[in-house]
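Protein chains in written order, with my numbering: chain A, 1 to 280; chain B, 1001 to 1274.
Derived by calculation from the structure, the hints in this document are not laboratory data.
What you are looking at is a predicted structure, and each value in this text was computed from that prediction instead of being measured.
Treat the hints with care, since some could be wrong.
The calculated label-pair distances, taken between Cβ atoms and stated as ranges, are [stated by the list, open to error]:
(1) B/1020 to A/84: 23 to 29 Å
(2) B/1255 to A/141: 53 to 59 Å
(3) A/32 to B/1187: 32 to 38 Å
(4) A/183 to B/1187: 53 to 59 Å
(5) B/1042 to A/124: 33 to 39 Å
(6) B/1012 to A/182: 50 to 56 Å
(7) A/44 to B/1020: 27 to 33 Å
(8) B/1021 to A/85: 17 to 23 Å
(9) B/1021 to A/246: 35 to 41 Å
(10) A/75 to B/1274: 36 to 42 Å
(11) B/1158 to A/32: 56 to 62 Å
(12) B/1015 to A/273: 29 to 35 Å
(13) B/1042 to A/200: 37 to 43 Å
(14) A/133 to B/1255: 38 to 44 Å
Quick partial rundown of chain B residues pointing at chain A, CB under 10 Å, derived from the structure [said to hold, decoys possible]:
(15) 1029
(16) 1031
(17) 1044
(18) 1117
(19) 1239
Idealized CB from N, CA, C, for every residue including glycine.
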Amino acid sequence: MKSTPDAVAGPGSSAPDGVIETSDLCRSFGPVLAVDRLKLVVRRGVIFGLLGPNGAGKSTTIKMLTTLLPPTSGSARVAGWRVVEDAAEVRRHIGYVPQMLSADGGLTGRENLVLSAKLYRIPLSRRRTRINEALAFMDLESAAGHLVRTYSGGMIRRLEVAQAMLHEPEVLFLDEPTIGLDPVARHAVWARLLDLKRRYAVTILLTTHDMEEADSLCDDLAIMHQGAVVLQGPPAALKATLGQAATLDDVFIHAVGGAIEEGGTYRDVRRLRGTLRRLG
Amino acid sequence: MTSVDSAAHSAGWARRRRFGDFLAPTLAVAECELRKLVRDPTELVTRAVQPVLWLVVFGQIFSRTRAIPTGELSYLEFMAPGVLAQGVLFGAIFYGIAVIWERDLGIVQKLLVSPAPRSSLVLGKAVAAGIRGVPYAVIIYVLAAFLGVHLRSSLAAAAEVLLLVVLGSATFSTFSLLVACAVKTRERFMGIGQLLTMPLFFASNAIYPLDLMPGWLQFAARLNPLTYLVDGLRGSMVEHGRRVFGLGLDCGVPLVLLVILVLVTARLYPGLAR
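Okay, chain B solo, but in the shape it has when bound (with noise of 0.2 Å):
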């Protein structure tokens, strides 16, 4: 081997190293929470009972006043992917409490003790948090069909919903990370956390469309990612869906924010061992 090609080799070698000194840990992280997650679902099934009753309680009785015009589909149909979005964001914007607690107990010390960079530590939560919006769909899903709704049986349209559902989930827990890094008390995060819900849910068209807002409402709402999620998802699976920003937008305004909110999460972390 010449010295030209030994040097180039050792430099793939190191990128190669260091591609697997963020990614070891990533999965590492990511692994053990999906471990407790599986052994310990009871929070994940707690957090979907508010869904449910959004689509069977206020979805039957709204489809039944017609007051909300939704075009080709029934108010169901409409309202079915807002309610998987709510689901997504509402089962991922507490998730920073555990952090919390992992730094009362010595937990977040100990990996920040190790050499893993901070950022891989922060994404692989942010990937574990990703896949718990998964199980959302499927209730909604399920529960959707028996309640009449016409869904897209494609599996593309499958593949895109779960794309839009890890990406979502995994974009609102980082950014519950973030407020939790930035908080560091359970007192405080859980004020801030009921703060958020509701004001990202009505300033969305989960339940209405963008149109029949005023003005003010349809500009905070196109500031809102949750907007992006819900758009995404109709079109995806429903039938008849009609995106209002396309796919690219839908997926792209999510997956912008959570490169931004890792980076910036990946700065206060090491602030929590303090």
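The shape of chain A in the complex, shown without the other chains (with noise of 0.2 Å):
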């Protein structure tokens, strides 16, 4: 019998408006407060925007949902387990693909997913299966053979994307999924992303910079400006706000006032130029 939030999480644990539902999430970092009382619903099935200059919260948030980062206080549900008390179920109903290079570079593409699939306890019976089907969704069939570290920036994330979605995931996580890609590549994980959303009805919440990626892509945007989202809805109601000429870009500077960014340390510059520079 597959296990339900609802048999073992107790009152209130239905999860009828949303899949992933943040009750007054925090979490400092000694003195800093880097996600401050956030509240966040995310419906079943659309592709959701986290959108924030950087150091806003996002990565903190997207750690606290995966179970990677314990809360300083509040709580979160995510495919209706709790993210602290039911870490290990959460896990088993989410897909995570890091904004960094999560694929191993010394493993062929096959052998990266064959992890996965035992990582995940995908039974014998159905794991071939699973990973051929896997590799033809993201047009990887013919690289399957091939070391990962041979591999285009593109084609490296549909991989990582395949192995986030291995076990069948209710909710999978992007973490600046097209950071430096070329337009090609973007928009050919942008296909294969709703892609998934519309054949397997999986809801995906991802982080971005790109506004035509906020704009094109997602049905939901959350605007974060230090640690709280300070707006939220369909990108073409938040534009709407701003008159008819608006752009997203618009709406994000008046969001977040300007605000010239504060976040990012050395640690994360560098990582993050490393990782365009394995990508590029």
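Starting from two chains that each stand alone, build the complex the way the hints lay out.
What follows is the structure, encoded as structure tokens:
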């Protein structure tokens, strides 16, 4: 029997509105409050974009929702499970593609997928089929036997999404999925994500700095600033608040008050540029 | 089937499933590590240079001076197991740097969002690291035979040597992982690795017997897991080699340490993704 969240999570656990719900979620690092009483509801089956300047708390939020980082206070549910108390169940029901390079360059594409299949305990009887399906879906069949370090940036990203989707999660988290990709590779990744949403009804939460990505891919957006959501809604509705000719760039700048970026440590910058170099 | 039967059956099934949930990720991680090692053994080869130099240069010169009393064994025979243990130690002590790379790349994050138990991820790395020790044993065996060391050639002796080398390599590598999880950056990690290797080597019975040491050093050597590895290898590898502690203690000390290290590292490992 497949366990359901309601069976063990107790009263109030059913999540009719949101597949992701946070309530007063906070995380501080020493004196710095990275996420400040975050309230977020993400509807099932949408692509949800989390925007905000560097240091706004997007990555910290994703880390808490994916169980990598315990919140300082507040609570969150993903796919109906509580991120702290039911961390193991949350992990079973989500996929995550980190911003950096999470596919192993020393292994082939197929070996990377086999590793994921084993980590997620996909039964042997279904393993091969799932892996072949995922390779076909991501258009990586011919490259499956090659070492990932010979892949292009776009191929690596598609492989990483395939790895994260292998166990058919309800929610997929993507941290800046198209960073450093050329327009062709970027559009290829977008097409795969839209297909995933259509075919598997998976909910996708992604962070991005790319307003075109936010506008054309996402059904709903939330703009974060200083650890809290300052604006939320569908792209068209957000633009409409500023008048007919407004772009998402205008909305973004308006929402964060033209704040000059404060976040991002030396290490973050080094890591980001390293990723860009490898993907590029 | 009665309900009691079916309850017992499902309990057994659940136990097997839990065991599988632990074992499958362990083996999967170990397999990936070994695949990468086979594809690119450069590091293994470069790390083998040092023990070869110790045996060929230091060993041959010191056997001529006859300065260190080693009983029935020639000095080369005495030090060959010590040099193997040293090779295992030096090969393992920088193993943790790989997880710092994996952290910067995002591989650690990918492993940690999976439902695999954290201890199984660490144990998988430890198992692979244990097997990484085996090539050192092969190199030292060939070289020692070539230099005229009388090696024991029974199957039991070979099995004991393999067991000790795998255990030693896994233990020191997991210690290295623990340090990596604690310090998190390459620079600090390299510093600590450099700091640890020589004291561990010199405060052991690898190149001189315990009775030759001053009291304080003997005390330190008895706390040093490398001493037990050398002692075990000395009894299994060379003809007329004698153990001071016995095979039970020589295997038991690294084994207990390994279990503790895996459990502690499993607690620290998630910190890499924060």
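Do the hints match the structure? See the list:
no. : hint                        : verdict
1   : B/1020 to A/84: 23 to 29 Å  : holds (26 Å)
2   : B/1255 to A/141: 53 to 59 Å : violated (45 Å)
3   : A/32 to B/1187: 32 to 38 Å  : violated (24 Å)
4   : A/183 to B/1187: 53 to 59 Å : violated (38 Å)
5   : B/1042 to A/124: 33 to 39 Å : holds (34 Å)
6   : B/1012 to A/182: 50 to 56 Å : holds (54 Å)
7   : A/44 to B/1020: 27 to 33 Å  : holds (31 Å)
8   : B/1021 to A/85: 17 to 23 Å  : holds (19 Å)
9   : B/1021 to A/246: 35 to 41 Å : violated (51 Å)
10  : A/75 to B/1274: 36 to 42 Å  : violated (19 Å)
11  : B/1158 to A/32: 56 to 62 Å  : holds (57 Å)
12  : B/1015 to A/273: 29 to 35 Å : violated (49 Å)
13  : B/1042 to A/200: 37 to 43 Å : holds (42 Å)
14  : A/133 to B/1255: 38 to 44 Å : holds (43 Å)
15  : 1029                        : holds (8 Å)
16  : 1031                        : holds (8 Å)
17  : 1044                        : violated (14 Å)
18  : 1117                        : holds (9 Å)
19  : 1239                        : violated (41 Å)
Violated hints, in rising order: 2, 3, 4, 9, 10, 12, 17 and 19; the structure is consistent with all others.
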